[in-house]
Amino acid sequence: EVQLQESGPGLVKPSQSLSLTCSVTGYSITSNYWGWIRKFPGNKMEWIGHISYSGSTSYNPSLKSRISITRDTSKNQFFLQLNSVTTEDTATYYCARYNSGYSEGYFDYWGQGVMVTVSS
Amino acid sequence: DIVLTQSPALAVSLGQRATISCKTNQNVDYYGNSYMHWYQQKPGQQPKLLIYLASNLASGIPARFSGRGSGTDFTLTIDPVEADDTATYYCQQSRNLPWTFGGGTKLELK
Numbered sequence: 001e002v003q004l005q006e007s008g009p010g011l012v013k014p015s016q017s018l019s020l021t022c023s024v025t026g027y028s029i030t031s032n033y034w035g036w037i038r039k040f041p042g043n044k045m046e047w048i049g050h051i052s053y054s055g056s057t058s059y060n061p062s063l064k065s066r067i068s069i070t071r072d073t074s075k076n077q078f079f080l081q082l083n084s085v086t087t088e089d090t091a092t093y094y095c096a097r098y099n100s101g102y103s104e105g106y107f108d109y110w111g112q113g114v115m116v117t118v119s120s
Numbered sequence: 001d002i003v004l005t006q007s008p009a010l011a012v013s014l015g016q017r018a019t020i021s022c023k024t025n026q027n028v029d030y031y032g033n034s035y036m037h038w039y040q041q042k043p044g045q046q047p048k049l050l051i052y053l054a055s056n057l058a059s060g061i062p063a064r065f066s067g068r069g070s071g072t073d074f075t076l077t078i079d080p081v082e083a084d085d086t087a088t089y090y091c092q093q094s095r096n097l098p099w100t101f102g103g104g105t106k107l108e109l110k
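Line order of the protein sequences matches chains A and B. Per our numbering: the first sequence ends with 120, consecutive numbering throughout. Per our numbering: the second sequence ends with 110, consecutive numbering throughout.
Everything labelled a hint here was simulated from the structure, so no lab data went into it. The beta carbon of each residue, even a glycine, is placed where N, CA and C say it ideally should be. Heads up, some of the hints might be wrong.
[What the hints assert, rightly or not] Just the calculated beta-carbon pair ranges, DEER-fashion:
no., chain 1, residue 1, chain 2, residue 2, range
1, A, T86, B, R17, 18 to 26 angstroms
2, A, E104, B, S21, 19 to 27 angstroms
3, A, T25, B, S59, 16 to 24 angstroms
4, A, S100, B, P62, 20 to 28 angstroms
5, A, S103, B, R68, 34 to 42 angstroms
6, A, N76, B, S7, 21 to 29 angstroms
7, A, Y53, B, G71, 27 to 35 angstroms
8, B, A11, A, G55, 28 to 36 angstroms
9, A, S15, B, R64, 44 to 52 angstroms
10, B, P80, A, T86, 43 to 51 angstroms
11, A, K13, B, R17, 32 to 40 angstroms
12, A, T25, B, K42, 17 to 25 angstroms
13, A, G10, B, K110, 31 to 39 angstroms
14, A, Y53, B, Q26, 36 to 44 angstroms
[As the list claims (entries may be wrong)] Not the full set, but computed from the structure, chain A residues with beta-carbon under 10 angstroms of chain B:
no., residue
15, L4
16, G35
17, I37
18, W47
19, N60
20, F79
21, Y109
22, G111
All chains should be modelled from the sequences, with the hints used to inform the complete structure.
If you want it as structure tokens, here you go:
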């Protein structure tokens, strides 16, 4: 069974970087596409970006200057780094698997999510 | 970016039909597919895929759930509604990057 699990600090100070890990079991990240999505307080959801089976990436233009998605295939993990965070980055962050290629663009497996608060 | 609009809440009685709408400000059809998907999210849980490409039932989802629509107007129907269906439902488009989500519709029981 495919399982994803996010991990990372629950509290980040403004202007610092947020770093999250998504650990995948039951499926290799060298297949399919893998994404990050966040849900803000108040329920708005935002696609952050994704990394492909080959390591190529695509980012939401609203965040492009601040984010980086990378991976470690030996550990079957992929990562999100978001720089220069503000209180507006407070959200629950999810990692998820695309059902197939990103051309269809929907997510069939999701992690449980990790709540990140940006506060001094 | 494509904007998806959902009504914030819907109240229905047990055993009745719930119809949740999602309207987009741009056509999300392309070469015979409608790039619209639906998720259910309960408090404290991750989103669960219900419907993909507008009308296809995801694996393990009961047939009480169905989706339809094309172009800019889409609906998710739950018939009959069960108590376990109380949740927030989101639509998501994948016609154009960046993928975008609707604001969610909270389904409550009368």
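Going through the hints against the structure:
Between A:T86 and B:R17 the CB atoms are about 43 angstroms apart, so this pair departs from the stated range of 18 to 26 angstroms. Hint check: A:E104 to B:S21, Cβ distance near 22 angstroms, so the stated range 19 to 27 angstroms holds. Range check, A:T25 to B:S59: Cβ separation about 19 angstroms, and the 16 to 24 angstroms hint holds. For the hinted restraint 20 to 28 angstroms between A:S100 and B:P62, the CB-CB distance of approximately 23 angstroms keeps it satisfied.
Taken as a hint, the range 34 to 42 angstroms is violated for the pair A:S103 and B:R68, whose Cβ atoms sit roughly 22 angstroms apart. For the pair A:N76 and B:S7, the supplied restraint of 21 to 29 angstroms is violated, since their beta-carbon distance comes to about 40 angstroms. A hinted range of 27 to 35 angstroms for the beta carbons of A:Y53 and B:G71 is consistent with their spacing of about 32 angstroms. Hint check: B:A11 to A:G55, Cβ distance near 47 angstroms, so the stated range 28 to 36 angstroms is violated.
A hinted range of 44 to 52 angstroms holds for the C-beta pair A:S15 and B:R64, which are about 48 angstroms apart. Checked against the hint of 43 to 51 angstroms, the pair B:P80 and A:T86 passes, with Cβ atoms roughly 45 angstroms apart. Checking the proposed 32 to 40 angstroms range against A:K13 and B:R17 shows it is violated: the Cβ atoms sit about 49 angstroms from each other. Taken as a hint, the range 17 to 25 angstroms holds for the pair A:T25 and B:K42, whose Cβ atoms sit roughly 23 angstroms apart.
For the hinted restraint 31 to 39 angstroms between A:G10 and B:K110, the CB-CB distance of approximately 37 angstroms keeps it satisfied. Hint check: A:Y53 to B:Q26, Cβ distance near 29 angstroms, so the stated range 36 to 44 angstroms is violated. The criterion of a C-beta within 10 angstroms of any C-beta in chain B is met by A:L4, whose closest approach is roughly 9 angstroms, and the hint holds. For A:G35, the suggested interface contact is upheld, since its CB lies about 8 angstroms from the closest CB of chain B, less than 10 angstroms.
Checking A:I37 against chain B by beta carbon gives a least distance of about 8 angstroms; that is within 10 angstroms, so the hint holds. A cut of 10 angstroms between beta carbons decides the hint on A:W47: the least distance to chain B is about 4 angstroms, and the hint holds. A distance limit of 10 angstroms between C-beta atoms decides the matter here; for A:N60 the minimum to chain B is near 4 angstroms, and the interface restraint holds. Annotation: A:F79 was flagged as interfacial toward chain B, and the flag is violated, the nearest CB pair being 19 angstroms apart, outside 10 angstroms.
Interface hint status for A:Y109: upheld, as the beta-carbon distance to the closest one in chain B is roughly 8 angstroms, under 10 angstroms. Interface restraint check for A:G111: the shortest CB-CB distance to chain B comes to about 6 angstroms, inside 10 angstroms, so the restraint holds.
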